[in-house]
Amino acid sequence: MRRSLLGAAALTVGAVGGAVLGYLAERTVIDPALDSSTDGDDGDLVTLTSPDGTPLATRMSGPAKAPRIVLVHGLSLSQEIWAAQRRALDASFRVVTVDLRGHGDSGDAASGDYSAAAIGSDVTTVLDAVRGPRCILVGHSMGGMAVLAGLGERPELIGEQVAGVVLMNTAASAILAGLGGGSLAAGIAFVRERARSSPVGRMIYGGLDEEGNPRGNDLATIVTRMLGVGPDGREDAVEVVRRLVLDSRPHVAGELWRTAGTVDLLDSARQITVPSLVVAGARDRVLPPSHSRRLVTTLPDAELLTLADVGHVAMLERPEDVSLSLEAFARRALDVPAGRPRTSPH
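Each residue of the sequence shown is one higher than the one before, counting from 1203 in the working numbering.
Check before you lean on any hint, since a few could be wrong.
[Unchecked claim] Across the chosen pairs, the derived CB separations fall in these ranges:
#1 Pro1502 / Arg1445: 33 to 41 angstroms
#2 Asp1537 / Asp1449: 33 to 41 angstroms
#3 Asp1466 / Gly1334: 30 to 38 angstroms
#4 Thr1249 / Asp1523: 31 to 39 angstroms
#5 Asp1537 / Arg1333: 33 to 41 angstroms
#6 Arg1289 / Glu1358: 30 to 38 angstroms
#7 Pro1433 / Gly1361: 38 to 46 angstroms
Derived from the structure by calculation, the hints contain no laboratory data.
Glycine residues also receive a C-beta, built at the ideal position from the N, C-alpha and C atoms.
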């Protein structure tokens, strides 16, 4: 009896501890970096509508007739994470970014659907809206899963509309398989979503501001650095990720973690016959490089770029390197001459 009571007590303590860790973790576990002064006000902001009626905030900059680079953010982030890439690329390319359903300036899912197919339809909605010169499609973390899901549902876009695919800090399946560090981080993040709305969790995480949003505290920053970025991650990257995750919507993150935990998009990956670039962070604790290596062996025509000392948000931790890699890949896949824009800037 005594052992049973002790066991129950230990389980309770473990559950509470896991909830607290979870709350602290993915509130910033997911995506990283770049100076918050890099606002997303460049370009034209338009609202597209996904098939289920969800409004999608989409921004476009660069020459109107230039080849497109479409950038899709990860879970609990927004299109703001691509600010450095927009500045670096929109002299030669039409740069298009979108807030997925339930993120940034986009609306919550009108149908309540946060499945892989639903976020995939957000991506194909953007592709349908920017038809013209072929594009490079880039997805980070959950955004990479949205890219795979969207192309899996609309394979006719591959080659015809999409000339190349970049998958960054992402995975196609088995997010929670095994007992590795990435699975642990994802599990903590999932538990955190369950605890996040509790009064105790909110108090531990730093209380609420006058609008009822979590303020965060030094511990939140520490957890962001531990789980979101690499050991030498830039301070501005940590702050951007921390802020975006604090501003994210708990119910959306909870639904999408459930999606990520069960997703299997390997068949979709096998259909992508155009050139692909897979970008991994060598120190990614959320989706470790093993996921990227598996993607490279699954995609028919893929190359792997592993960035040393980078965590889960490569575009924020190493913005210059990521921008250069995207530009080089896009020029090859789209046959754009190096150093020369395809069209005149608008």
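#### Entry: Index of numbered hints that the structure contradicts, given in increasing order
5
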